[in-house]
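Asks: Got chain W; can you put chain D on it based on the hints?
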Amino acid sequence: MTGGIRFDRVSVAYEGTTVLDALDLAVEPGEVMALLGPSGSGKTTALRAVAGFVRPAAGRVFIGDRDVTDLPPYRRGIGMVVQQYALFPHMRVEDNVAFGLKAQKVPRGDIRGRVAEALEMTGMAAFARRHPRELSGGQQQRVAIARALAVRPGVLLLDEPLSALDAQLRSGMLAELARLHRELPDVSVLYVTHDQIEALTLADRIAVMDRARLRDVGTPRQLYRAPRTEFTASFVGNANLLPVTVGADGVVFAGTELKVPTGGAARGATATLCVRPHLVGLGAGPNALTGSVAEVQWRGATHRLYVDVGGHRVKADLRELQRPPALGDEITVHFAPEDAVLLSAGVAAEDTAPVTAGEAAPVTAGKTAPVAEGVTRDG
Amino acid sequence: MLVHSRKGKWATWAVFFVLFLPLFALPLLVVLAASFATNWSSAFPSGFTTGHYTAATRGESLQALTTSLVTALTASLIALVVGTWAALAGHALKKRGKRLLDALFMLPVAVPSVVVGLAILVAFSKPPMLLNGTRWIVVLAHAVLVTAFAHQSVSAAVVRLDPAYEQAAASLGARPSYVLWRVRLPLLLPSLTAAAGLCFALSMGELSATMMLYPPDWTPLPVQIYAATDRGALFTGSALAVVLMTATVLVLFAVSRIRTKASYR
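Protein chains in written order, with this note's numbering: chain W, 1 to 379; chain D, 1001 to 1265.
Pulled out of the complex, with its shape left as it was, chain W reads as follows:
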C-alpha cells in the first residue's frame, strides 16, 4: 500500500460552523507531518477527515493516489491511535492487536506471527495475555500503537497520542515513536498535537493551524528559526514579539536602534520583531536594551526575567543565575542580530489568506510568499 495523504481544498462544517476551511496539504510517503494548533483550530477535524469519521462539505481527501473521500473508514487502510487509546476492554492485549487482522480476514496462520511482531516492536510481548485494565497508561498506549501497526497501514493517524501521559512517560514515548518510525520508513504519519515540543521532536514538517485554517507549513527548523507569522512565532516555541519600526539599517524599538537584518522591508513600515527568550543574554552587548525587572521566575535550570523596556515586556530565559536581580533593578539585556527575525506587520492571524501547501512547502520556501517578505535569512 502506498502511503501519503493529500488534502485538496478540504472544508468541514458542523451545523453551519466551518471547523476546517479549504485545507490544502500533502503528506509525502514516509513523512511525519505534525498538525499543530490550539484546541478548536481544526487539526483533529482534519485527521478525522482522513480517517473517514467526518465528511468534508467540499474538497477531496487522497490516501496514496486513491480518492477516499467517499469511502467508509473501514475501507481506507489506515491505522489510528487516539488520546484515550480506546482499547477494547473485553479483549486481552493479543486479541486487541489481532482485531484488525481478523476483521480483514488475514489467514489464521499469519495472525499469530503478526500479533507477536507488533507486540515485540512496541515492547509489549510480555503483556499479551493481560486485559487492558491491568495495564498502565503508557502500556495501554503501546498496545494501541501495536494494534494500529499490526494491520500494516500505509498511513498512521495519531490524535494527541501522548496527552494523557505524564511528562516523564511522554518524553520516553516520543523517543519510542521516533524509533518506530525509523523501523517503518514507508509509513506516512499524521500527528495531531497542541504540544510544540512533540511537534518539533518528531515531525519532518509541521503544519500550524489556527481557527480552522492552515497558517504555516515548514520544517521544524524553518518554523522555529524563521517564523513567518506572529502566530507561528508564538505557538512554535516561546517568543518575544516586539513592535518595531523599520529604519535605515535595522529597526527602532521603544526609541532604541536595533541592528537586525530587515530583508528589504520598506523603511518606516511597522513590523514585529521576534526574538526567542533563550537567545537573550544578560549584560551589555549588541542590540542592548535597558529596562527594569518586572518579574523573576526561577525554573530550576533557568531564570525567566521579565524586563520592562519602554512599556513593553521583554522575556529572557537565562541559565540559572547565582545572584538573580531583584524586582525593580535596572538591567541590560542584549541579543545577537542574527537571532532576531523580522515579521512584517498585519500578518497577524485575522486577515491572512489561507496558506496553500505549495506556497509553504520546503521546496518553495526559499521563494518567499508576499506575506513573508520581512522574513530574514535562516540564521
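Simulated from the structure, these hints should not be mistaken for laboratory data. Because the structure is a prediction, the values reported are computed rather than measured. Be aware that one or more of the hints could be misleading.
[Unchecked claim] Derived, one-sided and incomplete: chain D residues facing chain W with beta-carbon distance under 7 Å:
#	residue
1	1165
2	1171
3	1175
4	1178
[Stated by the list, open to error] Calculated from the model, a selection of chain W residues having no Cβ within reach of chain D, i.e. all distances over 12 Å:
#	residue
5	24
6	28
7	38
8	62
9	64
10	78
11	90
12	95
13	147
14	148
15	220
16	245
17	277
18	285
19	330
For glycine and all other residues, C-beta sits at the position ideal for the given N, C-alpha and C.
Replies: Relative to the frame of chain W, chain D by itself:
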C-alpha cells in the same frame, strides 16, 4: 451517607424500618408463613405443613410453573432482540426520529395492560393472523409489554457507549456488522443482561393481559395463583406465590452472575 450525626443516623434507620418492614417485607413474610400454615383465623397464620408445596410442585401447578418460565424466557428474548435492535437503530437516527421511536416503544407501558391485552385479542382473533387460542398470543402479549423496558435500558446504554471504540474498530478495517458483534454488543452486555432480567421478572408476574388471552392449555403461574385464591384456597395460593417468587429470584440471580462477569472486564 449524607447524615453525619449519630442521632440523625439512628433516626434515618428508624424511618427506614418503619417504612420498609410493613410495606415491603411483612406482606412477603406473611405469604411465606401462610404457605406453610394449616390455619388462618387470627391476625397471623398458624400450624405447620409442607403439604401445600407438595401440591404446588406437581401436576397442574408444575405445568403452570414451566408455562410461566417458558413464556417469560421467550418473551424476554424477543423483547431483548427487538428492543436492542430498535435502540441501536434509534441511535443512528436524527433527533426527531429518535424521539418518535422512543414514544412508540413507550406506548405499551403508558397504556394499561388490560387495554393492551384486549387490543391483542381483537387484533389476532381473525384469520390470517389467527393466534387466539394458542400459546403464542400469550407470549406475544408479554413481549409487547416488556419490550419497552428492554428498549429503554439498552438505549440508555447505547448513548453512553464511547464512540471511540467503534471508530477504533472501523479504522482497523472492521465492517459495521463485525464491529456490532465483536465490539458494540460485548460492550453492551452488562446492560443487555440487566434488561433481560427486568423483562423476565415483569413477564413472570404479568396477570392482567394474560387473563384475557390465555388458552386452557397454557396457564401461567400468576393465573393459577389468582384462581386458587379466588376459590378460597389461600394456603395453596401462597405456596404457589412462593414458588413463583423463588423461581424468578433464582433466574435473576443467574442472570446477575453473567452480568458481574461481563462488567468486571
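Asks: How about residue 1165 of chain D: closest beta carbon in chain W under 7 Å, or not?
Replies: Cβ of residue 1165 of chain D sits 5 Å from chain W, so the hint holds.
Asks: Non-interface claim for residue 28 of chain W: all C-beta distances to chain D beyond 12 Å?
Replies: Residue 28 of chain W clear of chain D: closest Cβ-Cβ about 22 Å, beyond 12 Å.
Asks: Would the non-interface assignment of residue 64 of chain W survive a Cβ cutoff of 12 Å against chain D?
Replies: holds, 16 Å
Asks: Going by Cβ atoms only, is residue 1171 of chain D closer than 7 Å to chain W?
Replies: holds, 4 Å
Asks: Quick check for students: does the CB of residue 147 of chain W sit more than 12 Å from each CB in chain D?
Replies: The assertion about residue 147 of chain W is violated, with a minimum of 7 Å to chain D.
Asks: Would the least Cβ to Cβ distance between residue 330 of chain W and chain D come out above 12 Å?
Replies: The claim stands: residue 330 of chain W keeps its Cβ more than 12 Å from every Cβ of chain D (closest is about 56 Å).
Asks: Minimum C-beta separation from residue 148 of chain W to chain D exceeding 12 Å: can you confirm that?
Replies: Violated, because the least Cβ-Cβ distance between residue 148 of chain W and chain D comes to about 7 Å, which does not exceed 12 Å.
Asks: Grab the minimum beta-carbon distance between residue 38 of chain W and chain D and tell me whether it stays above 12 Å.
Replies: About 22 Å separates residue 38 of chain W from the closest Cβ of chain D, which puts it past 12 Å; holds.
Asks: Report holds if the minimum CB distance from residue 62 of chain W to chain D is greater than 12 Å, and violated otherwise.
Replies: holds, 17 Å
Asks: Against chain W, run the beta carbon of residue 1175 of chain D and see if the smallest gap drops under 7 Å.
Replies: holds, 5 Å
Asks: So residue 220 of chain W supposedly isn't at the interface. Is its beta-carbon more than 12 Å from every beta-carbon in chain D?
Replies: holds, 27 Å
Asks: Is residue 95 of chain W truly not at the interface, in the sense that its beta carbon sits beyond 12 Å from all beta carbons of chain D?
Replies: violated, 9 Å
When held up to the earlier numbered hints, the structure conflicts with 10, 11, 12, 13 and 14 and fits the remainder.
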